[in-house]
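Student: Those protein sequence lines, which keep their order, are chains V and B.
For the first sequence, counting from 1, position 37 maps to 37 in this note's numbering; every step adds exactly one.
If you count the second sequence from 1, you need to add 381 to reach this note's numbering.
By construction, these hints were calculated from the structure, which means they are not laboratory data.
Accuracy of the hints is not assured; some may be wrong.
In silico DSSO-like pairs for lysine-lysine, Cα to Cα no more than 27 Å straight-line [unchecked claim]: (1) K674(B) to K395(B); (2) K682(B) to K1026(B); (3) K17(V) to K313(V); (4) K486(B) to K496(B); (5) K395(B) to K313(V); (6) K218(V) to K779(B); (7) K496(B) to K691(B); (8) K585(B) to K740(B); (9) K990(B) to K974(B); (10) K691(B) to K740(B); (11) K682(B) to K141(V); (12) K395(B) to K140(V); (13) K682(B) to K740(B); (14) K47(V) to K568(B); (15) K992(B) to K974(B).
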Amino acid sequence: MSYLEYNVKTVPTGLRKVLHLNWSLVLLLIAVASVGFLMLFSVAGGKMDPWAMAQMKRFALGMFLMFVIAMVPIWFWRNMAGVGYLLSLVLLVLVEVMGSVGMGAQRWIDLGFMRLQPSELMKITLVMMLAAYYDWLDIKKVSRPLWVLIPVILIMLPTFLVLRQPDLGTSILLVTGGGVIMFLAGVSLWYFGAVIASGVGLVTSVFMSRGTEWQLLKNYQYRRIDTFLDPSSDPLGAGYHITQSKIALGSGGWTGRGFMQGTQSRLNFLPEKHTDFIFTTLAEEFGFLGGASLLTLYVLILIFCAVSAFQNKDRFSSLLILGISVTFFLFFAVNMSMVMGLAPVVGVPLPMVSYGGSAMLILLVGFGLVQSAHVHRARQK
Amino acid sequence: MKRSPQDTEASARKITRRGLFLGGLQVSFAAMLVGRMRYMQVEQADEYRDLAEENRVKFSLLPPARGLIYDRNGVLIAGNEQNYRIVIVREDADDPEAVLNRLRKIVWLDDADIKRTLDEMRRRSAFVPVTVADRVAWEDVAEVAVNAPALPGITAEVGLSRSYPRADDFAHVIGYVGPVSDYDLSKLEDPDPLLQIPRFQIGKSGVEAKMELDLRGSAGTREVEVNAVGREMRELGREEGRAGDNIQLSVDADLQAYVQARLAGESAAAVVMDTQTGDVLAIGSAPTFDPNKFVRGISSKDYSALLNDKYRPLAAKPAQGTYPPGSTFKMVTALAALEEGVIDPGETIKCWGHIEVHKRRFHCWKRGGHGPVDLAKSLRESCDIYYYDIAQRVGIEKIAEMARKLGLGERHDLPLSAIAQGLIPTKAWKREARGADWVIGDSLNAGIGQGFVLASPLQLTVMTARLATGQAIYPRLVRSVNGVETPVRNDGPLEISTSNLNAIRDGMYEVVNARRGTAGRSKIVGDDLRMAGKTGTSQVRNITAAERARGVFRNEDLPWERRDHALFVCYAPHDNPRYAVTVVVEHGGGGSKAAAPIARDVMLQAFYKGKPPLEAYPSNQRGTIQTRQRDIEEMLEMPHDERVKAAEGRA
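Isolated chain V, as found in the complex (with noise of 0.2 Å):
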């Protein structure tokens, strides 16, 4: 079938629109959800406070915020787009300048009734910013130098930022989920190359600055790195972290030890149980089944989104469909693998699940944004 057989259909208004969601995506997400309020009321030893009611409350926020978001039509979204990504950009600088100082590093502005990160906001607005400006560009300019420097500062200039703070997993999501979107926007493979070979580069230059004056990294971070790569070298100090959580993922075998029976991690082996480590009880406690079933439904909405991306012939809806989507997976996949010992421990949630507001409530303004570019698609006959 023939791309051009399709005819543009009206796209549907008012409460209609309500149907025309995409509903299975909408039913993912209140999974997903659920699994992280289930963990959280076990974690807290089978009470729904502190964490699980808290949970439910902003997950309420966030689905609220989504469907907003899914009404309003997604050419203002893309017209929105610069604003957003300045707005995003000024509050970064802010939280530079006045943010509070939690766990060592400023990277959050007290709003009162909740603590704004703006690098989340930022991890959207990028997104946002960029599939917006491919679908400006003439798609023959795409690979020229000039018109690809642009979407690299646009990516560079808030990692910057973000690393400053300093924020490593997030600079590593804001890369490479920029990177994505230029790389599906067409962009010429021998960048992507380069940037590979330079990223090696910039590697061993981090690890070379170390315990010179410019050294590149915070000290904690480099520690991180080492017990890494060899977390026996602090088995009490910071290892500590990974070991108990493969310690406490090993242990669950296939089926697991039972809801609410995880030993290690309610014994508060693992300090951050409820936030970053979440998904070591789960593993814990449901086993192998538990972990791949969790697995399976974020695949679930991969896969939802990356064919609403397709069936979408609007540019900006694609690209920022597939964005929101990458970025939802280097989430679960940084956390999976810091949480199963094959990346350092970074700090990046398990989307939807972990206990935080800022993550989730970003992570449903992003599905917000998708739902929009659902709704508002141009439509086959």
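Given chain V's structure and the hints, the job is docking chain B onto it.
Tutor: For chain B alone, kept in the frame of chain V given last:
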């Protein structure tokens, strides 16, 4: 902007193609994660489950044995003794409160113990053992072991705890250890993980605190497999820590014991120093206390008794206490004047009992006056008028300079808590500290060691040793650390002419040995062991004109707090000095009566390294001396806490 359909189609196709490629990557990554998960949870599951379930691996720190402290002859002053304690681990006790209540049937525990344990457990991580009872009898430990199945989470541990076999004798020197407090931790930048061990003890005062890092050693680690009830299955690895360094003090434990016994009943300090090496042989402070009580946890009743005692048992008087040196400072004034050439040893000054300077009357202690006084007589009879005169002539700056040269006003570097700097006033000091100009009366008062001048017994001992040897000797309390000797510090000859020093020494010799010397009653008989010294009586009150008119007060008529401090500094033998001794008796009255006899006894004890023969004392005193020697011998055989009562009875 409008785009041609061809472009749109090409773009869509490209996105789909690259998107599919990317999707493939993502799915493969997810598959890889599943694979990894499968590997860990299925293939290695048994291994991890072992680690997690039946045999959880536990790391624990092995506290190192604290370094021992010996005296100069190898007598143990601070040691470690084994003690059993019972600990509970929250994660292993299903219901800590129930377990503790069951434990109560075996080991005596009061409600406060239970409450403290539960509180501490709540504060700490689940896997941290919390001490329930310390210093438990071996029988109780055995019973706990037998009842282990009913007491999950409870284990008995054997540990080392500090003990001070010489109890009270060294309380102010080596201090004591105690559990790490939050305050201790807050002071440290990068606390040793050892300090996190519950009830780990660190030095709180004295040598124990000042040499903490030498004494502490470094932690070992132990890796054990324990089963779900917390029982250790086997040890996987063990790395022994390094024990703390042993310290040898310069102090002689027997002499120290004698000094403490001799001072008992008074509020006093005494220091014995080797004039050649600067070794502090004894550094006594009375009253004292038992540091073992602090290690075991002193009761609040005992503690407040120590705090409220007007004799201040907790104060380390020899180095921390400062007193107006009184007449013991006269050597400084005289040397300053001699060195400046404003007076000659033979020159005489008339003493009429008082002089008038700027319409203010300054009195000599002897109301009738001493008549013509030369240097030797001024020291021997401690004439104040002589020093008023030469202090005016030489000026405070030169006096202060001489005082510093002799080690006064300097914080000597010994590992003791709170070493006092004392005070040697100068014109600049007064302007800065008091905001007033120096007046001539200040010089007069400083000239006889009153007014602003303050010195600690330790400083006075250093001064005496330097006068005796003419060398810039420094005190040394630690002889060696881990067998490595601490160097003796001697900055060589003082820049003071030998003839002037000899003039002073002759005067000090006469104080003790001449017929009219103020310390004549405290002389030592025997040609090879003559003592040179100087008495001092420092006022803690001003004598009002009205009081003077009514007649000079006898100290005994005053309440204790207002009596004069009694001081005595001395060295012996006068012609070949070996030891310098300072005795300060707070509110003891006159130096000749209260301090000098103690100093002589201590000096002889140091010399004979034990009880001196009666022949060393003048024949008319031998009866009383013999009684006293017997009393002290009896006292030294008593347990420490009974000695004070014995001393009170003796007085």
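Student: Next step is simple, just say for each hint if it's right about the structure.
Tutor: Results of checking the hints against the structure:
1. K674(B) to K395(B): 83 Å, violated
2. K682(B) to K1026(B): 19 Å, holds
3. K17(V) to K313(V): Answer holds: K17(V) to K313(V) is near 19 Å, not above 27 Å.
4. K486(B) to K496(B): Roughly 16 Å between the alpha carbons, so the hint for K486(B) and K496(B) holds.
5. K395(B) to K313(V): Holds, at about 12 Å.
6. K218(V) to K779(B): Cα-Cα ~58 Å, so violated.
7. K496(B) to K691(B): Answer violated: K496(B) to K691(B) is near 35 Å, above 27 Å.
8. K585(B) to K740(B): 53 Å, violated
9. K990(B) to K974(B): 25 Å, holds
10. K691(B) to K740(B): 39 Å, violated
11. K682(B) to K141(V): 88 Å, violated
12. K395(B) to K140(V): 12 Å, holds
13. K682(B) to K740(B): Outside the cut-off at roughly 54 Å; violated.
14. K47(V) to K568(B): 39 Å, violated
15. K992(B) to K974(B): Within the cut-off at roughly 22 Å; holds.
Consistency note: the structure conflicts with the earlier hints numbered 1, 6, 7, 8, 10, 11, 13, 14.
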